[in-house]
Amino acid sequence: MEFQVLSPGALTTVQDGGRNGYGYLGFNASGVMDARAYRIANALVGNFTDEAVLEMAMLGGKFQFTAPCVFAVTGADMGAALSGEKIQMYRTIRAEKGDILTFSAAKTGFYTYVAFAGGIDVEPVLGSRSTNLKCGIGGFHGRKLQKGDILSLRPTAVPMEKLPCVRIPAESYTGNSVTLRVVLGPQDDYFTKAGLETFLSAPYRVTADTDRMGCKLDGAKIEYKDKVDIISDGIVFGSIQVPPAGTPMVMLADRQTTGGYAKIATVVSIDLPQLVQRRPGDTVYFQAVSARQAEKLYRKEQRALDRLLIRYGRDLVR
Amino acid sequence: MEQPVILRSGDCALVAEFGKEIDEHTNALVQALDRAVREKGIFGVRECVPTFRSLTVLFDPSLISGKRLKKKLLRLCRTLSVQEQSKKVVIEVPVFYNGEDLNDVAAYAKLTPEEVVRLHAGRDYRIYMLGFLPGFVYLGGMDERIFCPRLSTPRTKIHAGAVGIGGEQTGIYPLPSPGGWRLIGTTPIRPYDASRTPPVLFSAGEYIRFVPIDESTFSEIQKQVEAGTYVCRRTEVG
Numbered sequence: 006m007e008f009q010v011l012s013p014g015a016l017t018t019v020q021d022g023g024r025n026g027y028g029y030l031g032f033n034a035s036g037v038m039d040a041r042a043y044r045i046a047n048a049l050v051g052n053f054t055d056e057a058v059l060e061m062a063m064l065g066g067k068f069q070f071t072a073p074c075v076f077a078v079t080g081a082d083m084g085a086a087l088s089g090e091k092i093q094m095y096r097t098i099r100a101e102k103g104d105i106l107t108f109s110a111a112k113t114g115f116y117t118y119v120a121f122a123g124g125i126d127v128e129p130v131l132g133s134r135s136t137n138l139k140c141g142i143g144g145f146h147g148r149k150l151q152k153g154d155i156l157s158l159r160p161t162a163v164p165m166e167k168l169p170c171v172r173i174p175a176e177s178y179t180g181n182s183v184t185l186r187v188v189l190g191p192q193d194d195y196f197t198k199a200g201l202e203t204f205l206s207a208p209y210r211v212t213a214d215t216d217r218m219g220c221k222l223d224g225a226k227i228e229y230k231d232k233v234d235i236i237s238d239g240i241v242f243g244s245i246q247v248p249p250a251g252t253p254m255v256m257l258a259d260r261q262t263t264g265g266y267a268k269i270a271t272v273v274s275i276d277l278p279q280l281v282q283r284r285p286g287d288t289v290y291f292q293a294v295s296a297r298q299a300e301k302l303y304r305k306e307q308r309a310l311d312r313l314l315i316r317y318g319r320d321l322v323r
Numbered sequence: 092m093e094q095p096v097i098l099r100s101g102d103c104a105l106v107a108e109f110g111k112e113i114d115e116h117t118n119a120l121v122q123a124l125d126r127a128v129r130e131k132g133i134f135g136v137r138e139c140v141p142t143f144r145s146l147t148v149l150f151d152p153s154l155i156s157g158k159r160l161k162k163k164l165l166r167l168c169r170t171l172s173v174q175e176q177s178k179k180v181v182i183e184v185p186v187f188y189n190g191e192d193l194n195d196v197a198a199y200a201k202l203t204p205e206e207v208v209r210l211h212a213g214r215d216y217r218i219y220m221l222g223f224l225p226g227f228v229y230l231g232g233m234d235e236r237i238f239c240p241r242l243s244t245p246r247t248k249i250h251a252g253a254v255g256i257g258g259e260q261t262g263i264y265p266l267p268s269p270g271g272w273r274l275i276g277t278t279p280i281r282p283y284d285a286s287r288t289p290p291v292l293f294s295a296g297e298y299i300r301f302v303p304i305d306e307s308t309f310s311e312i313q314k315q316v317e318a319g320t321y322v323c324r325r326t327e328v329g
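In order, the protein sequence lines correspond to chains A and B.
In the numbering used here, each residue's number is its place in the first sequence (first place is 1) plus 5.
In the numbering used here, each residue's number is its place in the second sequence (first place is 1) plus 91.
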C-alpha cells in the first residue's frame, strides 16, 4: 500500500507526536503543530497509537493512491477533493486504487493533516517518525516531500474494508482574533506590574516571521524590570519568550530545547491548535488561568479524545 | 541539601530551579535531580531537560497533578547525592587548530596563535548542558585570557566539527549551522551522528579536554571515524 506525490504543496512533511525524550541531548522535538487535529485524524482511521501523518502548511499538495486506502483530513480547510469530488473533513474516507487526492490553498487556518489507516511507513529515528528539517533526520529522508516521492503505508490491524466510517464536527479556525489562555511563569517576575497588565490586555498581531519554530508577535511592548536575558533554560511547546525588544514570541513544534530570554508565560496545551492555525495579520489576546485550571482543561480534552477512540472501537466490533 | 524553587512552565511542565548563577555546584545539583528522577521513575513524567541551573520536568497531567509532582520532586531533592568532586569523566577531543579566526583571536588576546592553542587545550571543560542543536555542548571554565567577542556578522554556514570561541564560551558545532563564534580549529570526531548508538557522544556533567593534533593525525582519525572504529579516550579522574 502506498501513495505517490504528484505535487508536494508548500511545506508538506511527515510528522507524528514528536521526537520526545531526547531534549537532554539537544534534539528539538519536531512533531505536528496542531496536536488536536493530528490525534483526531488518527482516531478517525482507527489508528489507536501515535501514527505518522502528512502535515501540509498553507498550500496543500496532490497525491495518488496506488491501492485502496482509508484516510481522514483534519485541520485547516484546503478544499480537499478526491478524484474531483469534494470530500468532507473530520470523517473517515475510502479511496480506490488510482484515486487522486487534491488540496488547494487553506481557506481558513494554516496546517492540514491527512492520517492514513495503518499510518505512514517510514523508519522511526530515535523513537519518532517526525521530520526534523534542521538535522535532516526522520520523516521521509529527513526532508519535505517532493514531486515523485512514493510513501508506503503500514498494514492495518483489521482488514481495511471492516474499518467503520466516523464523522465528527470540524474545528473552526474562522475569525481573525483569538484569546489564548496562559499560565504565568516561569520568569513572570522579570516583568513589571504594568508590563504584565500590557501582556494580558493588549492585542498582539501574528507577523509574517512565523514558522514551525515560533510565532513572532507584534504589539505593545511589555515592560520588564531590568533585563530579559536569563541563564539559558528549558523551553516547552507554548513557552512565551520576551526578547529585549519587548514583543512576545511563542515557541512551537520546531523550537530549540533551551533559550536565553525570560519566559513571561506558557500557552495552555489545548489552546495551542488555535494559535498555530492563525495566519499573519490575525490578532491574539492572552488571558491568565491558574496551573490547576490549565491541568483540568488538559484532562478534559484527553477524555474527549479517549471517548472518540472508544466510539471508533465500538463501531469497529459492532 | 539545598531545596530548589519549583516554577511552572504551563500545564505540562515544572521547573526545579536551584539558583540563578552558573556554577559547578548548582549544575551538579540539577544533574543529580535529573539522575534521581530517571532512576526512580515518577509515574506520569515524560521527559527531563537539565540545563545550567534548573531541571525542566515534562509530565502528563492526566497521570499526575503538578501539585503532587512538586511534592515528589522536593522529596527527592532531600536525598540527592552530588557526585561533583568524587570522580570526573574526561573525554579527549582531538582538534586540528587551523581555524580561520585563530590569528584574529590571538591578535585580540595579544598572544601568539600557539599560546591561544596552549591555553585552549590546557584545561578540562565541564559540560554544563546540551542544547541548541543535537550534541551541542555548553562548556564552562575557559581561560579568560582567550575570551573573544563573537563576529559582528555571523557566518551563514559553519562546518560540522568546527571548534570556536564565542565571548566567554567555547564549543563544537555538531552540525553545519549558521553561527557567530570565532573558529579556531576542527575536530575530526562527530559529536552527533544520527546513525550511531548513542547518537550524541557527550553527556552533561562530563568533562572535555581538547588535544592538539596535526594535519596527518587529523586525516588518520577522520578515516577511522568514517569507518566507525574511532573511540575517544575517556578517563576517570579523582
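One or more of the hints may lead you astray.
Residues on chain B that point at chain A, a partial pick, calculated with CB under 8 Å [what the hints assert, rightly or not]:
1) GLU93
2) SER100
3) ASP102
4) PHE134
5) VAL136
6) LEU266
Source of the hints: derived by calculation from the structure; they are not laboratory data.
In this text, a Cβ means the ideal position worked out from N, Cα and C, and glycines have one as well.
These are the hints, each one checked on the structure:
no. : hint   : result
1   : GLU93  : violated (17 Å)
2   : SER100 : holds (5 Å)
3   : ASP102 : holds (4 Å)
4   : PHE134 : violated (15 Å)
5   : VAL136 : violated (11 Å)
6   : LEU266 : holds (6 Å)
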